[in-house]
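Enquirer: The chain contents come next:
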Amino acid sequence: MEDLKPRAGRPTDAAASFDWDALVHDDRVHRTIYTDPDIFAAEMTAIFGGTWTYLAHESQIPENHDFVTTLLGLRPIIVVRDAAGVIRALFNRCAHRGATVCRAAAGSARVFQCPYHGWTYFNTGKLSGVPWPDGYACDFDDAKYNLAQVPRVESYRGFIFGTLNPDAASLVDHLGPMAPIIDQWLDRHPGGRVRLCEANRLKYKGNWKLAYDNSADGYHVKFSHRSLLEMENRLKVGNQKGMSFYKDAPDDAPMYVQYLGNGNHFKDKRPNIEPRPGALWEIEGPHPGMEHFEERLRERLGEAAARALDLCASEPVNINIFPNLLILGNHIQVLQPRAVDETDTTWYGTAVVDDANELDGAVDDVNTLRMRALESFPNFGEVDDAVNFEEIQRGLMAEEDPWVYMHRGLDVPGRVKTDENGVITAPATDEVFMRETFKHWKRLMASPPKLTIQRET
Amino acid sequence: MSSAPDPKRTSHYVTDAFYDALVRDFTDWQKDDAVLGDVGLRDSARAFLEREARLLDRHLFADWLELFAGECLYWVPATPGGGDPRREVAVCLDDRRRLEDRVFRMATGFAWSQVPESRTVRLVTNVEPFATGTEGIFMVRSNFLINEFRAGESRSLAGWCGHRLRRVGDGFEILVKQVNLMECDQNLRNPSNII
Ligand code: FES
Ligand SMILES: [Fe+2]
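Line by line, the protein sequences are chains A and B.
My numbering numbers the first residue of the first sequence as 1 and each following residue consecutively.
My numbering numbers the first residue of the second sequence as 1 and each following residue consecutively.
In short, the hints are calculated from the structure, not lab data.
All C-beta atoms in this analysis are idealised placements derived from N, C-alpha and C, irrespective of residue type, glycine included.
Some hints could be false.
As the list claims (entries may be wrong) - For lysine to any residue, the following SDA-like pairs were computed, each having C-alpha atoms within a straight-line distance of at most 20 Å: (1) A:Lys205 / B:Arg141; (2) A:Lys126 / A:Ala84; (3) B:Lys8 / A:Ala84; (4) A:Lys144 / A:Gln113; (5) A:Lys267 / A:Gln113; (6) A:Lys236 / B:Ala107.
Unchecked claim - Computed list of chain A residues with no C-beta within reach of chain B, every gap over 12 Å: (7) His65; (8) Arg103; (9) Gln113; (10) Asp248; (11) Gly261; (12) Val317; (13) Met371; (14) Asn379; (15) His407; (16) Arg415.
Produce the complete structure using the sequences and hints provided.
Expert: The following block contains the structure:
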């Protein structure tokens, strides 16, 4: 592995030049962590790539030679399953003069030929050849002419992560108590797996952390999503639909929020729902085709329709894996910072895969309903949050009023509980998950890991 | 006595057969030999689309909903061409009830993505009607450019629409409106306004 001086030539070293303790307090953080381009630049190495960062899902590259392109921080990356089936994260950056070698969003390729001067690489990243090599005196077997790649790439149950920190703990250790929560999310499905499908893709002009801060925030729901709550219940007969459990006294409801270390947190709304098949479906708001497909599933499956219908409903959890992976409902949402004040949030849908026919031939109907349910929140919920993130970014332009408070629940006796494993649990509207995430963020920013890249030899 | 379910309240018409027809009707329909040269038809289709644009620009959403058939679809695909919505999510895929939900939500006054509301001016051009093989039903392709101003910023959204229209008296009703945004598979900032 090659040691890097990633910011060589820059006059300042962010880790040393900011007073992190002055920016991140127990109860509040300073506006500049959302607005300062130098802090953003430092995050793109200290956090994105400095810690395990979500890259892609294995179902996007099911066969050898399949690839998808993405970003790790701002680095262009090709996530590819190479000729031997090894998943790699190649830097999409020609070793010659730096052009991207792959410009497609996804596809299948045994080699990547740089469009600029034709240097060609195997999908392991190794250089296969350059045009007119007799014009060079160098030895192209030198590894420095192979594509750079992310030295540590690991998957947990289909979720592919990478880090440039060679000393990082294994991914599964890093996830720690998050791993069994991911298991539960997957194991509802036939075969314990899902397939990523198309996405609702949104963008907002605001810092990426505004979305991460929001991801387990139970305080905003009643207000930011007021129009959605009203809409979902405008025609209701019987049950309150959707997230109505946030409306009255959310802190007294059985749902809770947990902090699970390494910036990861979990909002569990399942305890609000009766623990029986079909109960989740009963609170689902309206979707196109809902009544027709429900009747069809009940006719076809009888009692077993309840489980199938629950798979069409939005699973009431938020599984937030720092810094960029938010598993919520049936979505796999990925945060992609673009600039200090610009973020893409891509809400991948997930489809049920039923190779063992556990759903007795109903998988297509389940997916049809599930696609419609998936569209609901990005259309009628997230758009309002995204505007609120943009309005925070505007509000934070007020330099003389720098503090962003996240002290809900802090020092309230008996409210926040820590178990013997360090897992912190609090009522649904508590901001403890944010406070703990910022402690983790501060540690990474104040002493960023030394990063490396790797090349085939 | 049984009566047909009210599509404003329950969604029984979005069936497999409905999706099959949707995919069929919106695949490969823009053929030269299907273009209807009838100037009168083209003119009335253009007038219909211009009125639709005016109602949206003026935020007369209840009137806009009246342009649609009872069993209708408003569809903004997330991939060029649209694929099969049973297998993929769309930017928007609204049956009658969800379309009314969309309008209802904006009218609550608490849909923050539309507070303040978008101001829009729509240009609708290149209107071409196509025959469908079904008497009284036409496909109409049109191009659009929407200039949108909201919260101190302006932007443009470009693309083309496929309207599946049914003749009703002297006018039309919309069976399906498919909106093909140029950036349909890209990350869209605040796509909360009706396109
Ligand atoms: S930059 Fe790729 S071959 Fe020159
Ligand atoms: Fe929200």
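Enquirer: Look at each hint and say if it fits the structure.
Expert: Verification of the hints:
In summary, the hint linking Lys205 of chain A to Arg141 of chain B is not supported, as the alpha carbons are separated by about 33 Å, beyond the 20 Å threshold. This hinted pair checks out: Lys126 of chain A and Ala84 of chain A have alpha carbons roughly 13 Å apart, not beyond 20 Å. Distance restraint check for Lys8 of chain B and Ala84 of chain A: the Cα-Cα separation of roughly 54 Å exceeds the 20 Å cut-off, and the hinted pair is therefore not satisfied. With a C-alpha separation of about 17 Å, the suggested pairing of Lys144 of chain A with Gln113 of chain A holds against the 20 Å cut-off.
Annotation: proposed proximity of Lys267 of chain A to Gln113 of chain A is violated, straight-line Cα distance about 45 Å (limit 20 Å). Restraint check for Lys236 of chain A and Ala107 of chain B: satisfied, since their Cα atoms lie roughly 18 Å apart, inside the 20 Å limit. No Cβ of chain B approaches the Cβ of His65 of chain A within 12 Å, the least distance being about 22 Å, so the stated non-interface status holds. Even its closest Cβ contact with chain B, about 15 Å, leaves Arg103 of chain A beyond 12 Å, as expected for a residue assigned away from the interface.
The Cβ of Gln113 of chain A sits about 25 Å from the closest Cβ of chain B, beyond the 12 Å cut-off, so the non-interface label holds. For Asp248 of chain A, the requirement that its beta carbon stay farther than 12 Å from each beta carbon of chain B is met, with the minimum near 17 Å. The Cβ of Gly261 of chain A lies farther than 12 Å from every Cβ of chain B, with a closest approach of about 30 Å, so its non-interface assignment holds. The Cβ of Val317 of chain A sits about 19 Å from the closest Cβ of chain B, beyond the 12 Å cut-off, so the non-interface label holds.
The non-interface label for Met371 of chain A is inconsistent with chain B: the shortest C-beta to C-beta separation is roughly 5 Å, within 12 Å. At the 12 Å boundary, the C-beta of Asn379 of chain A falls inside the reach of chain B, the nearest C-beta of that chain being 6 Å off. Every C-beta of chain B lies more than 12 Å from that of His407 of chain A, the closest at about 24 Å, which supports listing it as non-interface. For Arg415 of chain A, the non-interface assignment is confirmed: its Cβ lies about 29 Å from the closest Cβ of chain B, beyond the 12 Å cut-off.
Consistency note: the structure conflicts with the earlier hints numbered 1, 3, 5, 13, 14.
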